[in-house]
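Chain by chain, the residues run as shown.
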Amino acid sequence: MSRVAIRVEGLGKRYRIGAVHKRHDRLSEALMKTATAPIRRLRAVGKPSSADQSIWALKDVSFEVREGEVLGVIGRNGSGKSTLLKVLSRITEPTAGCAEIRGRVGSLLEVGTGFHPDLTGRENVYLNGAILGMNRKEIARKFDEIVAFAEVERFLDTQVKHYSSGMQVRLAFAVAAHVDPEVLFLDEVLAVGDHAFREKCFARLREVRTNGKTVLLVSHDMASVENLCSQAMWLDGGQVQAWGKPSEVVEKYIPKGANPA
Amino acid sequence: MAQSGQEREAATEHVLHIVPSRGWGFPSLRELWMSREIIYFLTWRDVKVRYKQTVIGAAWAILQPVLTMIVFSLFFGRLAGIPSEGVPYPIFSYCGLLPWTLFAQGLSQASNSLVGGANLITKIYFPRSIIPLSAVLVGLVDFVLAFLVLVAMMVYYRIFPGVNVVWLPGFLLLSLITSLGVGLWLSALNVQFRDVRYTVPFLTQIWMFATPVIYPSSLLHGSWRVLLGLNPMTTVVEGFRWSLLGVGRPPGAMCAVSSLVALALLVSGALYFRRVERTFADVV
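Just so you know, the protein sequences line up as chains A and B, in that order.
Take the numbering used here: the last position of the first sequence gets the number 721, and nothing is skipped along the way.
Take the numbering used here: the last position of the second sequence gets the number 363, and nothing is skipped along the way.
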């Protein structure tokens, strides 16, 4: 029985929204608000308190993923899937609960993070690779593979702003595909590039799976979820609605014959 | 005082704990060391991008302090007749401008660094303090180039440094520490309060007049000198002049005060930064 790679317990993330709690964009406003606080408090005595409006983007989410499994996370837009990945990638902090991850984490919430348009393809490979967690030697070692995967050999020394959008995406994904962490988070990054390239990406993902790495994949493409994932989870309104075999969970999310929401 | 994302290593394992953080803490130095490649690449990126597609390229690094020195020499040296402690005014002011430019540039780059790096902060994790840190380090490249000009000027005026030049790296370090401390404060404040960015040019200008760049500190007496000493850049500038040109007195007590102030800025900046870091991705 393989060990638990990701354990999430009661994870919650609350965001404050609306005009009630206005973000202070100006220092003067914040100072004014602090200065007039006693007056406002006096005025508010006896009146019903207006609580800050807030939403729970994630509420009491708990699950476990073992090493070597691929978990597909599905749900409508705004159901909390990206927030879950952001919390697990440490980009934002949870409001409640906790999570435990065993192994080096690689998180691809967007392809080409950190790409700078004025730098050449070669320079961006190094920059992007370093931001994703590789060190210089590793990038140098994998450089030829990355370039071959992206098929941009001839354009390596051209500035990336002159690349077509397809080339940019291919290069970005090629770097990401070679990061090789133990735990990988993917946020809908597979829906890019042309058909041939997507096939390459899927093949790479299957390789990653057979190497015993753990993957958490957010996707709107039910076919790839059913193809690639060993488990699936349906999130709605920030809560886990269903968990289990991909085909079953997809069926609950989109019953056959119904229109997808 | 729990911190989020504590990493515990058991044998060869690497287990990450993600919990809501509370209270105060420092950026993890260990994490910073492990992310040193990112520091290098972000600095390298900023340096490269600065000079891409420019005609004169790196010469811009030299032009700014040199032109400023010329203007100062004309107006403050000649017109106003400010004394320069025995060395020609141009080299006197340039020697002060050198570390000052490094400091001022560090401040202006750092203050907007987090907002400018929003696309990184919201998409990938690495210790956020790397961003203002690399913004401050970028100025070192310009510093080296401008330093070469200073060497040329010293040859021209036939002023050679004595043994005191060994202290020079110490003053440089003091400058970087101050720059980083204030940079951490400004960058963190700027995420929440965007008008911080607009106060920086003003702040830098006032600070320059509070530092003996244009004038020697011997011009001031008594309690004014003590106040001057509270400004770490005073020690940096005077220290540069003392170790390279041999003018002025060795910094002494003023140096101790300055170092304490610089460390206080760094420590408080790091504490504040770490405290608000958890909200960056949500607010920026």
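No lab work stands behind these hints: they were computed from the structure.
It cannot be assumed that every hint is accurate.
With a cut-off of at most 16 Å between alpha-carbon atoms, the simulated EDC-like pairs for lysine to aspartate or glutamate come out as follows [stated by the list, open to error]:
id, chain 1, residue 1, chain 2, residue 2
1, A, 660, A, 611
2, A, 597, A, 640
3, B, 127, A, 578
4, B, 127, A, 640
5, A, 519, A, 529
6, A, 597, B, 116
7, B, 131, A, 578
8, B, 131, A, 617
These are the hints, each one checked on the structure:
{"no.": "1", "hint": "A/660 - A/611", "in the structure": "12 Å, holds"}
{"no.": "2", "hint": "A/597 - A/640", "in the structure": "14 Å, holds"}
{"no.": "3", "hint": "B/127 - A/578", "in the structure": "9 Å, holds"}
{"no.": "4", "hint": "B/127 - A/640", "in the structure": "28 Å, violated"}
{"no.": "5", "hint": "A/519 - A/529", "in the structure": "24 Å, violated"}
{"no.": "6", "hint": "A/597 - B/116", "in the structure": "10 Å, holds"}
{"no.": "7", "hint": "B/131 - A/578", "in the structure": "7 Å, holds"}
{"no.": "8", "hint": "B/131 - A/617", "in the structure": "13 Å, holds"}
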